[in-house]
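Novice: With the hints as constraints, model all of the structure from the sequences given.
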Amino acid sequence: MRRTAAPYDGVAVCAPLTVPYTRFSSETAHWWAGQALRALAQTAGLKPADIDGFCFSSFSCGPDTAVGMVQHLGLSPRWLDHIPTGGASGVMALRRAARAVQCGDAELVVCMAADTNQIDSFRHSLSAFSRFSQDAVYPYGFGGPNATFALITDAYMRIYGVERADFGKLCVAQRANAGSNPLALQRKPLTLEAYMVARPIADPVHLFDCVMPCAGAEAFIVTTPEIAGERGLAAAQVLATTERHNAFPDDPVQLRGGWAMEIDRFWQAAGIDPGDVDTLQVYDDYPVIVAMQIEDLGFCPKGEVAGFIRRTRFEIDGDLPLNTNGGQLSAGQAGAAGGFQNVTEGLRQILRQPLGDQVPDADIALVSGFGLVNYDRGVCTGAVALKALR
Amino acid sequence: MTAPRPREKRDPLARKKARHLSPAARSRAMHAMSARAAQGRFVLQICDSCGEATYPPRDVCPSCWGELAWQDCDNGGIVLCETVIRTSTDLYFRDHMPWRMGKVALEVGPVALVHLHHDLSVGQRAEVRLLLDRGGNAAMFAIPPNGDLDMSDPQLREFLVPIEGRTILVSDARSAIGLAMVKALCEAGAGLVVAGLAPPARTADTEQPAFIAPGVQTVPLDITDQKSLSEALSKIAGPLDIVINTARHPRDGGVSLDGNIVEQRHAFDVAAMGLMRLAQGVAPMLAGRPHGAFVDILSIDALVGSSQRAGFAAAESARLSLLQAFRHEMREAGVRVLSIFTGPVEDEHHQSVPPPKVAPARIAAAAIDALQQGREQSCAGEVANDAMTRWLADPALYTRERNL
Numbered sequence: 010m011r012r013t014a015a016p017y018d019g020v021a022v023c024a025p026l027t028v029p030y031t032r033f034s035s036e037t038a039h040w041w042a043g044q045a046l047r048a049l050a051q052t053a054g055l056k057p058a059d060i061d062g063f064c065f066s067s068f069s070c071g072p073d074t075a076v077g078m079v080q081h082l083g084l085s086p087r088w089l090d091h092i093p094t095g096g097a098s099g100v101m102a103l104r105r106a107a108r109a110v111q112c113g114d115a116e117l118v119v120c121m122a123a124d125t126n127q128i129d130s131f132r133h134s135l136s137a138f139s140r141f142s143q144d145a146v147y148p149y150g151f152g153g154p155n156a157t158f159a160l161i162t163d164a165y166m167r168i169y170g171v172e173r174a175d176f177g178k179l180c181v182a183q184r185a186n187a188g189s190n191p192l193a194l195q196r197k198p199l200t201l202e203a204y205m206v207a208r209p210i211a212d213p214v215h216l217f218d219c220v221m222p223c224a225g226a227e228a229f230i231v232t233t234p235e236i237a238g239e240r241g242l243a244a245a246q247v248l249a250t251t252e253r254h255n256a257f258p259d260d261p262v263q264l265r266g267g268w269a270m271e272i273d274r275f276w277q278a279a280g281i282d283p284g285d286v287d288t289l290q291v292y293d294d295y296p297v298i299v300a301m302q303i304e305d306l307g308f309c310p311k312g313e314v315a316g317f318i319r320r321t322r323f324e325i326d327g328d329l330p331l332n333t334n335g336g337q338l339s340a341g342q343a344g345a346a347g348g349f350q351n352v353t354e355g356l357r358q359i360l361r362q363p364l365g366d367q368v369p370d371a372d373i374a375l376v377s378g379f380g381l382v383n384y385d386r387g388v389c390t391g392a393v394a395l396k397a398l399r
Numbered sequence: 007m008t009a010p011r012p013r014e015k016r017d018p019l020a021r022k023k024a025r026h027l028s029p030a031a032r033s034r035a036m037h038a039m040s041a042r043a044a045q046g047r048f049v050l051q052i053c054d055s056c057g058e059a060t061y062p063p064r065d066v067c068p069s070c071w072g073e074l075a076w077q078d079c080d081n082g083g084i085v086l087c088e089t090v091i092r093t094s095t096d097l098y099f100r101d102h103m104p105w106r107m108g109k110v111a112l113e114v115g116p117v118a119l120v121h122l123h124h125d126l127s128v129g130q131r132a133e134v135r136l137l138l139d140r141g142g143n144a145a146m147f148a149i150p151p152n153g154d155l156d157m158s159d160p161q162l163r164e165f166l167v168p169i170e171g172r173t174i175l176v177s178d179a180r181s182a183i184g185l186a187m188v189k190a191l192c193e194a195g196a197g198l199v200v201a202g203l204a205p206p207a208r209t210a211d212t213e214q215p216a217f218i219a220p221g222v223q224t225v226p227l228d229i230t231d232q233k234s235l236s237e238a239l240s241k242i243a244g245p246l247d248i249v250i251n252t253a254r255h256p257r258d259g260g261v262s263l264d265g266n267i268v269e270q271r272h273a274f275d276v277a278a279m280g281l282m283r284l285a286q287g288v289a290p291m292l293a294g295r296p297h298g299a300f301v302d303i304l305s306i307d308a309l310v311g312s313s314q315r316a317g318f319a320a321a322e323s324a325r326l327s328l329l330q331a332f333r334h335e336m337r338e339a340g341v342r343v344l345s346i347f348t349g350p351v352e353d354e355h356h357q358s359v360p361p362p363k364v365a366p367a368r369i370a371a372a373a374i375d376a377l378q379q380g381r382e383q384s385c386a387g388e389v390a391n392d393a394m395t396r397w398l399a400d401p402a403l404y405t406r407e408r409n410l
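So the sequence lines, in the order shown, correspond to chains A and B.
Anchor point for the first sequence: position 164 equals 173 in our numbering, and the numbering is continuous, going up by one each time.
Anchor point for the second sequence: position 384 equals 390 in our numbering, and the numbering is continuous, going up by one each time.
What the hints contain is simulated information worked out from the structure, not anything from laboratory work.
Do not rely on the hints blindly, as some may be mistaken.
Claimed, not checked - Derived contacts from chain B toward chain A, CB cut-off under 10 Å, selection only: (1) A31; (2) S33; (3) P62; (4) P63; (5) V66; (6) D96; (7) A118.
As the list claims (entries may be wrong) - Covered, in the sense of this in silico footprint (three residues per stretch, anywhere, with C-beta under 8 Å from a C-beta of chain B), are these stretches of chain A: (8) 161-171; (9) 208-219; (10) 256-265; (11) 293-300.
To be verified - So, partial list: chain A residues that the calculated Cβ filter (under 8 Å) puts toward chain B: (12) F138; (13) F141; (14) F151; (15) G152.
Built from N, CA and C at the ideal position, the CB exists for glycine as well.
Specialist: Encoded structure:
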């Protein structure tokens with residue numbers, strides 16, 4: 010890489026929005042997307058004509074893509090993107106929209122993920138996820154992502170000495186954070202004892218290591234600071250971003266993700282270091298991926314996450330407030346919206362608009378995404394550092 | 007006095023257990039892998055340009071974008087990690103929970119998700135077999151290195167067809183191949199061998215030790231006769247697990263020269279229409295079985311014909327064609343259809359054929375091995391093996407040289 014990325018001047022990220030999740034929904038992804046737009050219209054005073062950029066992510070909108078969505082939703086954007094990267098889609102949408110706004114291709118981009126969860130959606134979306142999965146994963150017990158991440162968790166525990174109780178501490182802290190979030194689907198306090206004795210799903214993954222699939226939508230707006238100001242929207246600036254796909258393909262088991270490829274450059278571009286982060290919002294389909302991000306994003310050296318977890322408090326009033334809405338593990342995983350809630354929650358905390366408890370004095374959020382298991386690992390990774398514009 | 011054959015204990019009024027198939031959808035490249043696995047081979051795609059091995063199957067080399075070709079590879083590896091899957095949304099695996107699987111780093115390069123044998127654990131060396139799963143597609147199964155396929159692992163048993171304790175019909179037991187088959191099945195521990203003997207009955211049948219041995223039941227059976235077939239099937243006590251079709255009618259003769267039309271027509275009636283009749287009769291019986299299988303013994307001449315035995319080869323070609331379609335039909339029912347190709351046999355039909363010829367016992371052993379090793383297609387003896395190798399390498403050349 011010869012060039013360093015230009016700073017994200019003239020970009021404002023604002024209007025984090027969550028359409029309250031439901032465990033199951035008989036509605037479609039289109040309906041959930043409509044709910045998100047209607048709520049955004051109220052908070053930001055938007056009309057369809059005001060939206061000149063649209064970036065969309067969904068697993069359940071088929072046969073439509075973002076193309077079908079704009080007609081369905083009555084939008085006429087001059088910039089359109091469809092991001093099929095699941096858990097990395099929020100960070101990637103933000104990253105793309107930011108450059109579009111910065112360069113003038115659009116001036117108000119709605120980034121949105123919406124997914125429904127009908128009674129058998131999960132089974133259907135599992136059975137047609139990717140060609141490699143079809144050929145080389147499903148025939149081996151059809152355990153879905155539980156089995157894929159069980160293998161990663163098993164290797165992680167063996168190689169780095171992480172114990173189930175360490176993962177349990179992360180899950181228990183996230184559940185405690187969900188306690189104040191009225192939109193979280195699972196708010197009942199979780200004890201470490203209950204975590205440890207939960208039923209096994211795919212050893213060593215147990216019940217509370219798994220997210221609950223649900224229906225929901227998440228959205229935010231990327232625009233200029235001027236437009237955000239005119240609409241009275243509190244906004245954040247983008248300090249730095251990173252994105253990588255299919256990193257380290259020769260690693261026999263995924264023990265690190267794409268973040269590790271250029272994390273030093275990321276912090277350098279952001280002009281801060283991990284100690285400056287007020288709240289960390291990472292993709293949490295399984296706690297092993299949370300642990301991996303804590304290491305690869307630079308919060309502790311590789312292989313030392315067990316010690317880091319043991320000496321750190323992750324609650325909202327803790328040393329490193331983590332997934333402060335409860336994360337997907339407690340709030341629910343609304344399909345691709347699960348890859349957006351890290352962005353919306355990070356924004357809310359630094360814009361001081363929390364759903365539940367406020368992280369004290371939060372100004373800087375680090376948001377990290379991880380998406381799409383194609384064969385034996387998640388392929389897409391990305392991160393963004395956001396700082397409140399005050 | 008022989009011990010009574012162990013019978014299945016099943017409540018006759020209980021609803022029959024539904025048989026589900028493992029997930030069946032595959033890419034075209036994966037089907038190419040399955041076609042080779044069916045022959046008992048362990049193959050991976052190797053890049054023509056850089057020589058790197060790749061898996062899962064791709065359409066282009068991920069290292070240099072070169073062309074990929076299937077090659078036989080070393081199947082050793084190390085187990086990297088493991089899990090026991092306890093929940094699934096798939097009906098087949100729900101029937102077989104918990105399911106142990108893991109990941110193996112193959113010595114030739116790629117890493118593969120595998121079904122994991124119960125004796126293997128993380129860090130150990132493994133041998134990876136490509137076996138056909140219940141849906142008929144290739145799957146990697148890691149077993150202890152140089153270990154036999156061990157039927158005591160219930161997961162592994164799903165990929166194989168056990169003989170022990172099973173009820174097996176041999177369609178033509180009086181022929182040299184059929185007789186060898188009956189003996190071999192008894193030795194392999196079959197529960198009951200139903201030996202089909204084409205009418206008229208012969209005194210010699212009652213003196214044949216293989217037919218009066220314990221665990222063998224003879225039935226009059228001529229697969230060219232629908233009534234005979236129906237009656238024979240109705241005489242089989244209890245469920246039928248495996249059918250081995252040994253019936254054939256080898257005769258010399260060309261097309262325009264020396265072709266006895268009556269003999270050649272009978273060859274078709276046995277090989278082609280006989281197979282169809284037998285298949286129609288036994289398919290519903292095999293479909294409900296946990297390890298149902300149909301084994302067909304057919305001539306390697308089925309591949310490209312033969313100028314010396316044109317009518318017979320044509321009948322065997324028709325048989326192969328029907329067998330291919332039957333395999334597809336039975337895949338839906340989870341029943342395995344096996345082809346055992348053979349060259350000239352050491353029997354009364356090939357008295358004037360010079361060696362090499364294959365001994366009937368060797369054909370029987372090949373059939374049993376194919377069942378127990380999970381192979382769909384095998385060749386018994388050197389002639390069949392050589393022919394298959396030539397045909398796979400250059401079908402046009404082989405067709406020409408067989409008909410010179």
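Novice: Run every hint past the structure and note whether it holds.
Specialist: Status of each hint after checking the structure:
1. Proximity of A31 of chain B to chain A holds as hinted, the smallest CB-CB distance being about 5 Å (cut-off 10 Å).
2. Residue-level restraint check for S33 of chain B holds (minimum Cβ-Cβ distance to chain A is 5 Å; threshold 10 Å).
3. Below 10 Å, beta-carbon pairs count as interface contacts, and P62 of chain B has one with chain A at about 4 Å; its hint therefore holds.
4. The beta carbon of P63 of chain B is positioned within 10 Å of a beta carbon in chain A (closest approach about 6 Å), and the interface hint is therefore held.
5. Of the supplied interface hints, the one on V66 of chain B is violated, with its beta-carbon coming no nearer than about 13 Å to a beta-carbon of chain A, more than 10 Å.
6. For D96 of chain B, the interface hint holds, since its Cβ comes within 10 Å of a Cβ in chain A; the closest pair sits about 4 Å apart.
7. Evaluation of the A118 of chain B hint against chain A yields a held restraint, the C-beta minimum of about 7 Å falling below 10 Å.
8. Counting residues of the region 161-171 of chain A whose C-beta sits closer than 8 Å to any C-beta of chain B gives 4, which meets the bar of three, so the coverage hint holds.
9. Check result for the region 208-219 of chain A against chain B: holds, 7 residues qualifying (beta carbon to beta carbon below 8 Å, three or more required).
10. By the rule of at least three residues with a Cβ nearer than 8 Å to a Cβ of chain B, the coverage given for the region 256-265 of chain A holds, with 3 such residues.
11. With 0 residues having a beta carbon nearer than 8 Å to a beta carbon of chain B, the region 293-300 of chain A misses the requirement of three or more and the stated coverage is violated.
12. For F138 of chain A, the shortest C-beta to C-beta distance to chain B is roughly 11 Å, which exceeds 8 Å, and the interface hint is violated.
13. At its closest, the beta carbon of F141 of chain A sits 5 Å from a beta carbon of chain B; the interface hint therefore holds under the 8 Å criterion.
14. Residue-level restraint check for F151 of chain A holds (minimum Cβ-Cβ distance to chain B is 4 Å; threshold 8 Å).
15. Evaluation of the G152 of chain A hint against chain B yields a held restraint, the C-beta minimum of about 4 Å falling below 8 Å.
Consistency note: the structure conflicts with the earlier hints numbered 5, 11, 12.
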